[in-house]
Structures are given as structure tokens and as C-alpha cells.
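Colleague: As a plain string of letters, each chain reads:
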Amino acid sequence: MEQLFFILLALLTLSAALMVVTTRNLLHAAFWLILVFFGIAGFFILLHAEFLAVVQVLIYIGAISTLIIFAIMLTRRIMDPQQPRFNSQWGLVGGLAALLFVVLAAVTTRVAWPTTSATLPAEPIKQLGADFVGVYAVPFEVASVLLVVAMIGAIIIARERG
Amino acid sequence: MVPLTWYLVLAAALFAIGMFGVLARKNAVAVLMGVELMLNAVNINLLAFWRYTALGELVGHAFAVFVITVAAAEAAVGVALFIAVYRQRDTVNVEELDAMKG
Amino acid sequence: MTFPTLNFPVIAPQIVLVAAALIILLADLMVANKRILGWISLIAVIGALAAVFVCRSDSAAFPLALGGPSGPGTMALADGLGLFASAAVLIAAGLAILLAIERVGDFSRFEKPGSEKKQARSGDHPIAEAPGPQVTDRAGAYYALLLLATAGMTAMATASDLMTIFIALEIFSLALYILVGFNRRDLRSGEAALKYFLLGAFASGFFLYGIALIYAATGTTSLEAILHNIQPMSISLPFRPLLPVGMGLLLVGFGFKLALVPFHMWTPDAYQGAPTPVTAFMSVATKAAAFAALIRVLAAVASYDRPWLLALAALAVLTMTLGNLAALRQTSLKRMLAYSSIAHAGYLLIGLAAGNQLGVEGALYYLLAYTFMNLGAFAVLLAVQRRDENDVTGDRILGLAGRQPLLAALMAVLMFSLAGIPPLAGFFGKLYVFSGAVEAGLAWLAIVGVLNSALGAYYYLRVTILMFMAEPAESDQEISSGKVETLQPGWAVMTTVVLAVLGTIVLGLWQWPWTQTIAQAVSTLALR
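Chains as they are written, first to last, in the numbering used here: chain A, 613 to 774; chain B, 5 to 106; chain C, 7 to 534.
Since the hints were made in silico from the structure, they are not lab data.
We put the CB at the ideal spot given by N, CA and C, even for glycine.
Treat the hints loosely; a few may be bogus.
[Stated by the list, open to error] Just some of the chain C residues that point at chain B, by a computed CB distance under 7 Å:
| no. | residue |
| --- | --- |
| 1 | Leu180 |
| 2 | Leu200 |
| 3 | Phe208 |
| 4 | Gly211 |
| 5 | Thr227 |
| 6 | Pro247 |
| 7 | Pro250 |
| 8 | Val251 |
| 9 | Gly254 |
Take these sequences, add in the hints, and give me the full structure.
Modeller: In C-alpha cells:
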């Protein structure tokens, strides 16, 4: 049953992803992207990472997709004739991407993955919270500096002249 | 139970599609969308590895949260740059931005 | 819940820099004269440098670890390598701030469009003539971003966990994307920032995928744990292909940050379009931080195995050759130096490709020398750059010796050092790196390096000849009649150039303390 869910979700996500990179209309591409993010949240639930699924919806769909839609709206050219979506090397790039996929898939599928004997942590969120101020305190604090940089940088660059 | 390899192939496919988006599309926002696809593929990888092979510690979980954080920060800076460049040059088409040659 | 062992001296430099950045942002709202912010940031950098030295001198608890139960949880490691690279980054930051103190107004100050203000002013920001609300000066944000970028770089140099390395990498990358696009007047600045951003984000994706694969193979992201607990042979056979592929993807990410060929596409545009003080900082500091992290990652994940060393050697050859060949054809001096920076990354990589003690020591020494040389060269470019322009073409330095003999002499020293002429630091850097390669059995690599140095010498010497032998582009008549602005490099820029040249000379002639420190630093890395 779970496998059926996975296959359906995978089909949905991958086809949506393909639409993202091939659609001519950028706004449609953004909506397909939102669908991809929903699919990925579904995968997180299948992987027993419910907290992350919620975070995915909140941040990726709630914030990042909104940002991207803003960007599309604000950088639209009114007179946009039939612009080709791809640049001249798209064939080569398609080949490279396919090659990369084959290499990565081959490497990861040939490994005989052992099934782990450990059990799921009973309360992953609690454990995660404890870890963030425990073991992972340093990257956690460093990430806060990252957010400060992003905030300052974005405001400075995008401000109006004068 | 879904075998681990399914997740990994899915992530690889998503990564490849994202890479295609980055390198083949002309509009900068479309390139950013490709990058987001790549980062999501990495997240699936991390969580799948955590779930199937390294359940003892929450490294994969924590790292996935950090990846989402970084993706958000990058998107913010990127969109700000797009807007700034658009105001200056009236385009975000990477092929049309060619003031520097050589 | 286990609290990590928080050895504050390890992150003291970062704390100082971040605190100063926040103070500067607040002070930006209150002070009108932005020079003060520049001085605050310089003091912060000196404070951070002092913290690095304090950390170093505390040899009893050396190397200081930070975070988690020691071993798997160590997030940051203040060992010799980290502190040395941090010092290099901080020196670069200090010099870059000094460069910018006078000239930041050129690209960060804007009057409201419509108000007539001449931009060609030397020295201070004339507050009296510009009514407040009509002028935006983003110098505060400039210094803050610079300090935050420095904090990210020092964090990356001392990071011992892949998670921390990645987040620190993103910190300074984001800050640099913004800094590259700071000059609103020059169209190329925004374009450079955009291209840098897109390619940088793309490379981060590869970097992350590599980390995910390494995590899969080893079950952890801590380099310390991987280094000490996991021998490549002890990883069960099914997992083995993951490590090389992961390392390969990581190398793609690193290659981008270090501007190695074929990941160097962004470098000429970004270096040319960015404001020159930013280029000066970016060209040296990112390399110091990224090389430190690369040395650590190679030790842990690849164990400096022969195939990897050969791969690095191949990358080094590509990088040097393409960098030098492309530099020959440039008319813009900034672009020429950009390709020259690419070539120098290639020389540095030779030291890593040697994989032995001498090679890595040589690479670290070369890093410090390169910091002084390259930053000095860009500082000279800033000195001759017109205030309302962002690029420096060859005609700006024609006959420089006649107009500014001191500047020309200093530039000549820097050019000689970059070309690898003894007894300057550049020569010794190349000597050590090539010796390391020969000792590792890669004599062919050293030969290619020497050939490339000869190739590089051509364009460095061409600059020198242009300075000393050619006639100035603007005739004396034009200058004296006031039609053309005279060349007045401010005191701050001149000081930076002098310091850079001093650093180059001292590093070359008086090597003992530096090589001592470097040897200590490398000895903890367990190389062959």
C-alpha cells in the first residue's frame, strides 16, 4: 500500500518538476513548483519526518514560492513576444542531466543497503529541539548569522534609489 | 516498506531535472526554480538516508532543516538581486545581460 | 540533553565580527559621517585577529574543540590550520576595509536623481552640501556585510563538520553576492552579482548532494569522526562507491568557490563588475577559507589517496594554463588580474595535489603571500581608477612612473612577486609548492607549473613596462589645464598598498616565524 502511494506521489512530483523546467509561462512554472513542494512534503511524511513536512509546507510553499511569484510579477516585461525558453545549449544540457541521473542512480542503487535495526525515536521533535541547543548548537547559531546576512543584503540591494 | 533505492532514484531524478532547469533556461527566476528543485532533491536524500540507515542520531533531520534555512536565505537574496537588476536593465534574461565580454 | 563543551576562544573571532557588524548597523542610523563605521570595523578586525593569536598561544588546550561530545560532535576546531587561515582572512579583511574607508563613497552613496551633485570628490563625504533625506549612503551596510562575510570565512576555516562548513560557506557567499552588486551606477555590477549568484547557488546544490552521499556512506557529517573512526577500508564494501562520488561532488562545489577550471566561468565577470575594494577582498579571502576547508575535507574523506591527488593535479594544470593564457589577452586590468587569480589558485592546488607535508605547507605559505600580493595589486588598481568608473584599463597605468613614482615602484614589487621573482614571497611560495610536488613524485606537475609561471611573468612584466616606459595617456597639458582629473590616490589606499608590499617583502625575506607556524599547523593533519 505504501509502495502504491510512493509511486503515485513520485509520478506527480516528477511530472510537476518537468513542467517547472519546460513551461513557457513563468507563473505556471511557479505553480507547478508549488505542486512539487507539496509532493516532497508527502515524501517527508512517508519517511516519518512529519515535522519536516510541516516546515516544508510553511517555508517552501509559504515563503519561498511567494517570493518567487513576487519576483515573477515584478520582473515581467509587458511586451513579451514568443521568447524561447531555453538557451542554445539545451540539448547538451539535457544530455548532461540525463548522464548525471544515470551515474547517481547507478551509484546509489548498487549499494546493498542494510536495513537498520534501530527504531524510530519516540518523540523526534523533542529530540530535535534538544539537539539544536545541544549537539548542533554551533551550526544553529551560525545559521542565525546567515539569516541576518540575507536580511541585510536583500534590503540593501532591493531598495529604491534615494 | 518502500525500498531505500526508490527514494534515491527519485532524488537523483529530481536533481537532474533541477540541473537541466538551471543550465538550460534563460530567465533568471526559472534558474532559481531549478536550484530549488536541486536543494529539495538533496533534502529527500538526507531524510531517506536518515530513515533507513542512520536512525540513531538526528543528523539527517537537523541537516535538512539547515538546508531549508539556507534555501530560504538564498531565495531572498536572489529575488532581491533580480529586482535590482531588472530595475537597471529591464530584463532578467541571462542571455541579454552581456555587458562584459572577453 | 548534553550541552556542548563551549570553548569560547574558538568562536571568539566570529563573535567579535558579528557583534561589530550589528553595532555598525545600529550606528549607521545615528552617525552621518560614515568614516567612523569604517574605523569601527577595522578595530573589530584587529580585535578578531588578537583573539586568533590568543587562541594560538594557549598551547595547553590546543587544539580547541567546540561542540558536542568530542569527536563526533566537534563542530569547530581551532587548530593550527584553522587559525592560520583565519589570520589570513582577517588580514585580507583589514586591508580591504582600509582600502574602502576613503573610496566606499564612490559606489555606496547616491543622491536622489535630479539633484545636481558632482561625484568627483576626493576624501571625506561632504555632509554639509547634501541635505540628509536626499542622500542615501549604504556604507554602513557595506562594512557590516564585509564583517559578516569575514565571520563566515573564519567560521569555515575552523569548521570541522560538514554541516558547519556548508552554512559558513553560504554566509560569506550570500554576503559576497550582495557586495559584488553594490555599485548601482555601473551596469556591470548588478549583472556580475546576478551571474555569480546563479552559478553559486547551482554549485551549492552539488556541494550538498556530495555531503548527503558522504553522510550515507559514513553515517555522520563530522569530519573528525570520519577522520579518526572510519578508515576507508573499514567501510563495508557495498558503501564504498559512495565516498568517491560524494567527494567528487564536493570537489565541484569547492572548485566553484576557488575558481578552478572548469568552474571558473563567473570569476572574470564578477571580479570586473564588482567594486574594486570588494574584488580585492573577495579574490584572496575566499581562497584562504575554501582551501583550509578543502585541506580538511580531503584529509578526512579522500585520505589524500593517489587517484584523488592525480585528479587534483589535472585540475591544477587546467586552471593554471587557462588562467595564464586568458590573462594575456585582456585589456581590462581588473579582468587580467581576475584570470591571474585563477592561475594562482592553480598553483595553490599543486600544493594540495602533492598531498605531502611539504606541499600543504607550501600551499599555506603561498596563501599568505598571495593574500598580500593580490590584494596589493587590486589596491593599486583602485588607486589609479577614476572615481566615477568601476574598471581600470591599460591606459590608466601608462607612464605611471612619471606621475606617481612611489605607486609605480610598489606596483612593480607586487608584479614581480606575483610573477615569482626572488627574493619576494611569491617566488618562495611557488618554490615550496613545486618542491612538494617533486617530492611526491609529481615532477611533471612542477614542470608545468614552472612553464606557467614563465607564461604568467609575461603579462605581469608587461604591466611593469607600461608603467615605466610608456607615455601617459593624458598629456601634461591636459592635466594642468584641469580637463582631466589628476591622479590622487588617497592616503588610505596608499597605506594599503604599502602594507601589502611590506607583507610581501617581509614574508619573503624573513620566513622563519611563518614557516614555523605553518609546520606546526600541518603536523596535526596527519599527512604523509
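Colleague: Each hint: holds or not?
Modeller: Verification of the supplied hints:
| no. | hint | verdict |
| --- | --- | --- |
| 1 | Leu180 | holds, 5 Å |
| 2 | Leu200 | holds, 5 Å |
| 3 | Phe208 | holds, 5 Å |
| 4 | Gly211 | holds, 4 Å |
| 5 | Thr227 | holds, 6 Å |
| 6 | Pro247 | violated, 13 Å |
| 7 | Pro250 | violated, 16 Å |
| 8 | Val251 | violated, 11 Å |
| 9 | Gly254 | violated, 14 Å |
Hint violations for this structure: numbers 6, 7, 8 and 9, all remaining hints satisfied.
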